[in-house]
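Protein chains in written order, with numbering that gives the first Met the number 0: chain A, 0 to 361; chain B, 0 to 361.
There may be inaccurate statements among the hints.
Any copy, or any two copies together, can satisfy a pair, since identical chains are not distinguished.
[What the hints assert, rightly or not] Derived pair list, reagent style PhoX-like, types lysine-lysine, alpha-carbon separation capped at 20 Å:
| # | residue 1 | residue 2 |
| --- | --- | --- |
| 1 | Lys283 | Lys236 |
| 2 | Lys61 | Lys356 |
| 3 | Lys61 | Lys347 |
| 4 | Lys256 | Lys142 |
| 5 | Lys134 | Lys256 |
| 6 | Lys134 | Lys94 |
| 7 | Lys108 | Lys256 |
| 8 | Lys152 | Lys142 |
| 9 | Lys12 | Lys256 |
| 10 | Lys301 | Lys236 |
| 11 | Lys61 | Lys94 |
| 12 | Lys278 | Lys308 |
| 13 | Lys256 | Lys283 |
| 14 | Lys72 | Lys94 |
| 15 | Lys134 | Lys172 |
| 16 | Lys308 | Lys134 |
| 17 | Lys152 | Lys108 |
It should be emphasised that the hints constitute simulated quantities derived from the structure, not laboratory data.
2 protein chains.
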Amino acid sequence: MITRPTLLLDKGKCIANIEKMVRKAQENNIVFRPHFKTHQSSEIGEWFKQLDIECITVSSVKMAEYFAANGWKDITIAFPSNILEWENINQLATKININLVVESIETIKFLEEKINSPIGIYIKVDTGYGRTGVKADDFVTIKQLLNSLKTCKNLIFIGYLCHTGHTYNTRSKKEIEAINKSASEQLLALKTFMASDFPLAEISFGDTPSCSVLNDFGDYNEIRPGNFVFYDETQYKIGSCNRNEIAVALASPIVAKHPERNEIVVHGGAVHLSKDTIKDENDKNYYGIAVELNNNGWDTDKVVGTVTKISQEHGIITVEDSVMNRINVGDLVAILPIHSCLTANLMKEYLTTEGKKITMML
Amino acid sequence: MITRPTLLLDKGKCIANIEKMVRKAQENNIVFRPHFKTHQSSEIGEWFKQLDIECITVSSVKMAEYFAANGWKDITIAFPSNILEWENINQLATKININLVVESIETIKFLEEKINSPIGIYIKVDTGYGRTGVKADDFVTIKQLLNSLKTCKNLIFIGYLCHTGHTYNTRSKKEIEAINKSASEQLLALKTFMASDFPLAEISFGDTPSCSVLNDFGDYNEIRPGNFVFYDETQYKIGSCNRNEIAVALASPIVAKHPERNEIVVHGGAVHLSKDTIKDENDKNYYGIAVELNNNGWDTDKVVGTVTKISQEHGIITVEDSVMNRINVGDLVAILPIHSCLTANLMKEYLTTEGKKITMML
Chain A
0 MITRPTLLLD KGKCIANIEK MVRKAQENNI VFRPHFKTHQ SSEIGEWFKQ LDIECITVSS
60 VKMAEYFAAN GWKDITIAFP SNILEWENIN QLATKININL VVESIETIKF LEEKINSPIG
120 IYIKVDTGYG RTGVKADDFV TIKQLLNSLK TCKNLIFIGY LCHTGHTYNT RSKKEIEAIN
180 KSASEQLLAL KTFMASDFPL AEISFGDTPS CSVLNDFGDY NEIRPGNFVF YDETQYKIGS
240 CNRNEIAVAL ASPIVAKHPE RNEIVVHGGA VHLSKDTIKD ENDKNYYGIA VELNNNGWDT
300 DKVVGTVTKI SQEHGIITVE DSVMNRINVG DLVAILPIHS CLTANLMKEY LTTEGKKITM
360 ML
Chain B
0 MITRPTLLLD KGKCIANIEK MVRKAQENNI VFRPHFKTHQ SSEIGEWFKQ LDIECITVSS
60 VKMAEYFAAN GWKDITIAFP SNILEWENIN QLATKININL VVESIETIKF LEEKINSPIG
120 IYIKVDTGYG RTGVKADDFV TIKQLLNSLK TCKNLIFIGY LCHTGHTYNT RSKKEIEAIN
180 KSASEQLLAL KTFMASDFPL AEISFGDTPS CSVLNDFGDY NEIRPGNFVF YDETQYKIGS
240 CNRNEIAVAL ASPIVAKHPE RNEIVVHGGA VHLSKDTIKD ENDKNYYGIA VELNNNGWDT
300 DKVVGTVTKI SQEHGIITVE DSVMNRINVG DLVAILPIHS CLTANLMKEY LTTEGKKITM
360 ML
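Use the sequences and the hints to build the structure in full.
Structure (structure tokens):
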């Protein structure tokens, strides 16, 4: 019996999402190194292990420590190396295979001085997202970084790592393909330019929209999508999934009705869903889509309404008259989140639709 | 030595914020029932106890359970009653004094049937915020609710509870005063109208902007501000505090520099600060203000830059050239959050500027 905001997880949908991506990587004959920042759960990690996944991606040293403690032996920390954590990195590197991401000479020099065991190094390359990384066509800087890596004892250059996060702003396959065509051309040009010195440099690539929509990963060596494990309303709008593939939903109790303005109030707010938003057809921000619960989970065909406002604990759902008439205070609705990574991170626990609790990193 | 995103708490500033509000309530001769949803910490709760605060406010039954377990004996759950949690409410009501908030006949009927011990009841009244509650001038509905409460055995009517959350959209004392003048007039008219039947009905009121800016609380019986314990950048912009009164800041390591676009990248993102934003002078959203750390905490006069973009773990801070030249990868900055309640809720732990760890509700 659910009485409070609870993050429901449909294990069947989740496993199907994982299997689909495993198959795609196999068909492309590339390494699948899923990003575990979305689920942050050792138990969900086991579902990957059962499909023979051995290499993973995380977004912090803390997360690497959590998954290393849960038996993972090959972890890429896909975040610009935080040199302040060198002692923790050293600890990890004595036990498992750790790969770091660098983008400056300063970081390389610092790590070479402090790190005592061999670790893999990717150069973070920016192909147009503009968040961080060295611009892919900045051959001068990249060559400097590579030259400084050459003389390092424990920093073993593996290749180039990129994240085309600007696919999150797209709303069609065409746009995603265009971003990837450009990224692929830039990465190939870079690889070719450096080929005489670094012929074996790999390309690590990955974001959920690209990995979901594309079928051919060309010259990439590995993919690192994360969000696909659950998907969410944003991915549905991008075209990465259909709504029925979204594997998590926030069960939220209805606590008040306001028929005069077509709003219901649920316990389910910013501390449950996060404040992340996307825009609807009228350019208005929304925070999730509420659907009806059923005996097996939730029914994406039975939309209750749109989460149009949110505060710390309150969610405001705008509903049509027909819905207002059939729902009551004390009913539960299931909210498909805008950003499942942030919702999972807030909830810190899942309840499967079969009634099993699944824990996460705290 | 801080090496990861860490929520710093300046205990001196925090205690000063608490003392100021305690004094204001004393001067107005009204009950101070602080909202504990902001800090969610039993240890910070003790600082209130030392100032003789005995009544508190929380925003969920779960939070009431946490503070009841930590010795609090008089708790108002200032959220529309979630009837699904009636068993937990019954448990609490056998041990401590619990007050609930209602706004519908359905909820009153359900609670009267299920609740076995006396609990206090407030009617949630809306004076213009429009989030939830019965409109203050809807005397017909309020009278219905009051009449149904009259016959209840365990639901003891206390008074009217309101939250003028629209003060958060203001940027001047004048606007806050206007909202409060209107709220006060509405509440007084309501009280007068119902006075023959309910002469002793109380008015519980409170939001941080109003309680910070106003000095005279008129006919109110109690105030329930929460955010004031830490304040944040939003409250600074509203005029509730000056920046130097903000008592929390996220220490964040710098991991990359992009001088060509005046941006630095820190480890400090949506899982630390939250995705809450306010608009700057140019109507652009921002996620926090970064300042320099010093030996005693942080220095609000030494602004590093503005957090202009954020993703799960990345924070992007826009800085001026002069700042770019003097900071380095591996330095720490302190980010004053946009919304300290959501930041605290995400971080789940404080480190005082004296080096002491303080835990929170998990």
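Against the structure, the hints come out as follows:
Only within a single protomer do Lys283 and Lys236 lie at most 20 Å apart by alpha-carbon distance; the minimum there is 14 Å, versus 24 Å between protomers. Taking the shortest Cα distances, Lys61 and Lys356 sit within 20 Å of each other only across copies (18 Å), while inside one copy they are farther apart (23 Å). With identical chains, the CA atoms of Lys61 and Lys347 are at most 20 Å apart both within one copy (15 Å) and between copies (15 Å). When the C-alpha separation of Lys256 and Lys142 is checked against a cutoff of 20 Å, the pair qualifies only between copies, where the shortest distance is 18 Å, while the shortest distance within a copy is 62 Å.
For a Cα distance limit of 20 Å, the shortest separation of Lys134 from Lys256 across copies, 13 Å, qualifies, whereas the shortest one inside one copy, 52 Å, does not. Proximity of Lys134 to Lys94 under the C-alpha cut-off of 20 Å is found in neither arrangement, the shortest distances being 33 Å within a copy and 62 Å between copies. Proximity of Lys108 and Lys256 under a CA criterion of 20 Å is satisfied inter-copy only: 16 Å between copies versus 60 Å inside one chain copy. When the C-alpha separation of Lys152 and Lys142 is checked against a cutoff of 20 Å, the pair qualifies only within one copy, where the shortest distance is 18 Å, while the shortest distance between copies is 79 Å.
Taking identical chains as interchangeable, the C-alpha atoms of Lys12 and Lys256 are never at most 20 Å apart, the minima being 32 Å within one chain and 40 Å between chains. For the homomeric pair Lys301 and Lys236, the shortest alpha-carbon distance inside one copy (18 Å) is at most 20 Å, but the shortest distance between copies (42 Å) is not. Proximity of Lys61 and Lys94 under a CA criterion of 20 Å is satisfied intra-copy only: 15 Å inside one chain copy versus 40 Å between copies. Taking the shortest Cα distances, Lys278 and Lys308 sit within 20 Å of each other both inside one copy (13 Å) and across copies (17 Å).
For the identical chains of this complex, Lys256 and Lys283 are neighbours neither inside a copy (22 Å) nor across copies (34 Å), given an alpha-carbon limit of 20 Å. Taking identical chains as interchangeable, the C-alpha atoms of Lys72 and Lys94 lie at most 20 Å apart only when both belong to the same chain, with a minimum of 8 Å there against 49 Å between chains. Within a single copy, Lys134 and Lys172 get their C-alpha atoms no closer than 25 Å, and across copies no closer than 47 Å, so neither meets the 20 Å cut-off. When the C-alpha separation of Lys308 and Lys134 is checked against a cutoff of 20 Å, the pair qualifies only between copies, where the shortest distance is 19 Å, while the shortest distance within a copy is 38 Å.
With identical chains, the CA atoms of Lys152 and Lys108 are at most 20 Å apart within one copy only, with a shortest distance of 11 Å there and 74 Å across copies.
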